[in-house]
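J.: Now for the letters of each chain:
Protein chains: 2
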Amino acid sequence: MNVEVRPRPTLRSDAVSKPAIADCDIHPYPKDKALFRYLEPRWREHLETYGARARQGYLGGPAYPKGQPDAARRDAYPPDGGKPGSDLDFMRAQHLDPNNVALGILNPLRAGQGLQNLDLSAAICRAINDWQVAEWTSQEKRLKASVVVPYEDPVTSAAEIDRRAGDANFAQVLLLSRTAEPLGQRRYWPIYEAAERANLAVGIHAFGYGGYPVSGSGWPSFYLEEMVGHAQNTQALLTSMVIEGVFEKFPRLRVVLIESGFAWLAALMWRLDKVWSRLRDETPHLKRLPSEYIRSQVWVTTQPVEEPEPRRHLRDAIDWIGWDRLLFATDYPHWDFDDPARAFPLRMETAEREGLFLNNARTVYGQA
Amino acid sequence: MNVEVRPRPTLRSDAVSKPAIADCDIHPYPKDKALFRYLEPRWREHLETYGARARQGYLGGPAYPKGQPDAARRDAYPPDGGKPGSDLDFMRAQHLDPNNVALGILNPLRAGQGLQNLDLSAAICRAINDWQVAEWTSQEKRLKASVVVPYEDPVTSAAEIDRRAGDANFAQVLLLSRTAEPLGQRRYWPIYEAAERANLAVGIHAFGYGGYPVSGSGWPSFYLEEMVGHAQNTQALLTSMVIEGVFEKFPRLRVVLIESGFAWLAALMWRLDKVWSRLRDETPHLKRLPSEYIRSQVWVTTQPVEEPEPRRHLRDAIDWIGWDRLLFATDYPHWDFDDPARAFPLRMETAEREGLFLNNARTVYGQA
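In order, the protein sequences belong to chains Y and C.
Just add 67 to the spot in the first sequence (first one is 1) and you have my numbering.
Just add 67 to the spot in the second sequence (first one is 1) and you have my numbering.
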């Protein structure tokens, strides 16, 4: 695809002076029926006849507000039609070029990951992976794909990871946060084992659905509660991964928590360390403080950035977590996009800024 | 009961020089069968015949570690026998006197609150309330009782609160954190309405069980995860109370979150404010930022105190929440007791220290 002939946004001249960034959460969508080209006929027919059943009929968690169709920025619809995130040229013109994105991680959602029919789940995931390479990463070297896997079938997931291992189009394995059981549990370990073997980070993106309410308190009434609840749910899955011993068992595993906020992480580490220090004999498989596993093997993406008043509290919160743990992300093309020029109105040292906006991502995704 | 003749601990001479404190989480237990004296014969017979069924057979959440029987400090067994927390004289000698507790809030657990049989739940709660007055608060003016209520039957709960209204033996209404539905939901509003009418704070103590796993991720494997999970569960119930409009509807309601930690509160307020600012039209019943309701109507007890390294981070976390929001608590006689002399190894201003250890509690519990 020839970048010289596509339309340029007016921002282009400004953009060249902007520092290069990594965007660790970009959502590509297939153009109408595009995915069908990558699916075996058997599964195309299955989808036409039976559709896709998510766990308990609840597809991907509750929908984003209907007032933002496709969960999208209102300006993110490609001029030639199609869904936001479905047109590479438009993504370049609207986001990659003007924001000087040097590394963009593709996180396909609604990628068949949580479906009840595990073979259908695996077939759609494989098609999404083929589609990412054919229509995105092979066309645009700044973008890297995620291996989406049918995570409720970890053995099949591991086979899909093995299939993509060594393929430079892929930079991570993608899971969603709301699974049938807590993500630290042993049934999911084949995924972590395969990711470690392939030297791929494991990204865990908010959303999905495992059959339970977002909180242990039961079913909330409002979408607002679901949105805020992702942070609590992610605290629980990270707790599960630490306490079950995932990081002890897979010491080279790198986990990225995506779109669940980050300001809660310090308080969680404090609490984990305190409780574990008193009850550690329940988990003799753990050799280090919970926070030590997190500080060496877990990263968090920044979007949606918390916005305390006064803002210096945000600096403190990052100081506690560690500046090397944060990965900038925009969530493009979604409605709650964080603009890299405005998302961090903080004083930062040059090394802090470069780490947060680019170098931490290069490290965790092996793109140095 | 004559305090002059009971045994004095050797610490007594030190204690007189200690500053007075409030302890907002003391757990009294009935002596063997003591509760039966306060129960109607019908319910005594019922308990002998049928026992008490908690929701889905799961009594009060998973047990504390068996290595700490009765969830207790090993030194908390009264010399004359009985469970920890069952002997007022021993509680005076071991805790109230040496720690100079000027105000102690009794939070009875296993008080029948979450039982499936709502009439049995109400009968046990009423008996526990009578027992607290007869055997505790009428004997010891430093102690104040909690009105325990059968919270899954809010109308009956409100009647129990009305019955205790104006009785100076009681300082709060007590709920547990894991309920059948999130605590902000409208079914629970009669409780808040009655508490506001009675001018009693509502304490929400960790534990209980509502039928769901502690996290939205499903059932955890380890007790450690349950312990850490209380913090997430409490974040969810506070979110529910804010977003459903409990604080807007009941502007004089005072809520105390007990034994769920507190360092997470600032991050939750930031996230609530950010999400609500963008999606506020989902909840037109809310007139103020979520954090404003929390900062004016919610308090948190300190135990178990988070222990970050370096400790100054704890100071920062309290700065964010507000020193006027914190209430000291020990959890006596439980195993994870926080010693008032050691729990806060921080530099504090005199006003901060006096607020945290005593004056905030006097304000919220109306004991000034």
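Just so you know, the hints here were simulated from the structure itself, not pulled from any lab data.
Hints may contain errors.
Since the list gives no way to pick one copy over another, a pair counts as held whenever it fits inside one copy or between any two copies.
[Unchecked claim] Straight line, CA to CA, 25 Å or less: simulated DMTMM-like cross-link-like pairs of lysine to aspartate or glutamate:
#1 Lys85 - Asp99
#2 Lys85 - Glu263
#3 Lys354 - Glu376
#4 Lys316 - Asp220
#5 Lys208 - Asp229
#6 Lys208 - Glu115
#7 Lys85 - Glu115
#8 Lys150 - Asp340
#9 Lys100 - Glu315
#10 Lys150 - Glu107
J.: Find the hints from earlier in the document that the structure breaks and name them by number, from lowest to highest.
T.: Hints 1, 2, 6, 7, 8 and 9 are the ones this structure does not satisfy, whereas the remaining hints hold.
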